[in-house]
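A.B. asks: Let the hints inform the model, and build the full structure from the sequences given.
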Amino acid sequence: MITMVPKAELHCHLEGAASPDLVRRLAARHSVVLPSETFDENGDFAWSDFLHFLKVYDIASSVIRTPEDYRDVTYQYLMDCAAEGAIYVEVMSSPDHAAAVGMSYTAHLEGIVAGIEDARTDSGIEGRIIVTCVRHLGPERGVEVARQVVAHPHDLVTGFGMGGDENAFEPRDFAPAFEIVHASGLPCTVHAGEVAGAESVRAALDALPVQRLGHGVRAIEDPDLVRELVDKQIVLEVCPGSNIATGVYDNYSDHPLLALRDAGCRITLNSDDPPYFGTSIGQEYDRASNLFGLDDTALREVTMTAIDAAFADPETKRKLREKASL
Numbered sequence: 001m002i003t004m005v006p007k008a009e010l011h012c013h014l015e016g017a018a019s020p021d022l023v024r025r026l027a028a029r030h031s032v033v034l035p036s037e038t039f040d041e042n043g044d045f046a047w048s049d050f051l052h053f054l055k056v057y058d059i060a061s062s063v064i065r066t067p068e069d070y071r072d073v074t075y076q077y078l079m080d081c082a083a084e085g086a087i088y089v090e091v092m093s094s095p096d097h098a099a100a101v102g103m104s105y106t107a108h109l110e111g112i113v114a115g116i117e118d119a120r121t122d123s124g125i126e127g128r129i130i131v132t133c134v135r136h137l138g139p140e141r142g143v144e145v146a147r148q149v150v151a152h153p154h155d156l157v158t159g160f161g162m163g164g165d166e167n168a169f170e171p172r173d174f175a176p177a178f179e180i181v182h183a184s185g186l187p188c189t190v191h192a193g194e195v196a197g198a199e200s201v202r203a204a205l206d207a208l209p210v211q212r213l214g215h216g217v218r219a220i221e222d223p224d225l226v227r228e229l230v231d232k233q234i235v236l237e238v239c240p241g242s243n244i245a246t247g248v249y250d251n252y253s254d255h256p257l258l259a260l261r262d263a264g265c266r267i268t269l270n271s272d273d274p275p276y277f278g279t280s281i282g283q284e285y286d287r288a289s290n291l292f293g294l295d296d297t298a299l300r301e302v303t304m305t306a307i308d309a310a311f312a313d314p315e316t317k318r319k320l321r322e323k324a325s326l
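According to our numbering, the sequence shown is numbered sequentially starting from 1.
These aren't lab readings, by the way, just hints derived from the structure by calculation.
Positions of the beta carbon are idealized from the N, C-alpha and C atoms, including for glycine.
Do not rely on the hints blindly, as some may be mistaken.
Between beta-carbon pairs, the in silico distance windows are [stated by the list, open to error]:
(1) P223 to A151: 35 to 45 Å
(2) D296 to R147: 27 to 37 Å
(3) G278 to D254: 12 to 22 Å
(4) E199 to E140: 16 to 26 Å
(5) G102 to A151: 11 to 21 Å
(6) T316 to P35: 34 to 44 Å
The calculated DMTMM-like cross-link candidates involving lysine to aspartate or glutamate, where the alpha carbons are at most 20 Å apart (straight line), are [unchecked claim]:
(7) K323 to D80
(8) K323 to D122
(9) K317 to E301
(10) K232 to D262
(11) K323 to E84
(12) K55 to E68
C.D. replies: Below you can see the structure in the form of structure tokens.
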């Protein structure tokens with residue numbers, strides 16, 4: 001049973017939100033034959049470790065080839081979230097994946113916007129877009145993506161971030177990209193403290209103008225860093241199901257969600273790449289209840305934290321707070 005406490009999600013990769021069934025349908029739409037090893041015997045995505053996951057992710061994302069495809073991926077994901085009680089979702093888009101199949105930045109954005117608007121009409125859920133660069137593609141490409149964001153502003157593009165292989169390059173290498181977007185007035189987030197340790201979080205905080213951290217959980221390895229996160233009110237986009245699936249932690253008992261929360265860190269719950277990790281935003285809230293012992297009051301506090309930290313305009317946040325308090 002999925003608790004119907006109102007939910008808000010800040011950390012989900014859009015291309016990674018496409019279900020195996022939708023990926024197969026998009027492949028058929030474009031007469032693309034995917035490698036048989038993309039899926040396991042049950043039809044789910046098949047991967048063995050984090051780098052293999054990134055490879056399968058890229059293969060599956062390659063079937064998202066038109067604005068209509070991006071619309072369908074966005075719409076299905078938001079509608080699924082709404083069915084589990086989500087009232088707000090920020091999706092991370094990747095212009096680099098769109099470019100890899102010949103799509104322009106504006107074409108991929110057109111499709112995502114259509115999906116958000118259609119889902120809002122059909123369910124009432126609000127969606128926003130965080131455009132991300134891919135770390136392992138390098139700093140120069142990061143600058144190119146940042147320039148595209150600034151050159152083509154849109155009301156639904158409300159933030160900038162970076163995903164990819166956390167062990168590739170250093171956060172400071174991407175400071176020029178982040179400064180371009182930050183100077184335009186958009187807030188920023190970045191993946192840090194997931195597959196790399198507390199030093200990755202420290203490097204990101206020192207080099208980049210971020211208000212939130214994607215994951216950030218391995219900050220727990222450095223008590224001084226945890227205190228800094230509390231003092232600076234840096235919000236953590238925590239993804240427990242993802243962390244277990246990718247082997248960052250062996251089990252939920254080892255996961256530091258409660259330790260970070262008890263230390264005063266601002267915690268949100270997120271699904272990351274839900275079909276790859278066998279999760280959803282509803283399941284993340286349920287695990288927080290069943291495995292971490294958060295009651296409905298605590299879960300509503302998590303939602304309110306996410307709304308407060310959302311890269312959305314004040315009026316949207318006001319409306320979301322009203323919904324979350326019902």
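A.B. asks: Check the structure against each numbered hint from earlier and tell me which ones fail, lowest number first.
C.D. replies: Of the numbered hints, 2 and 12 do not hold.
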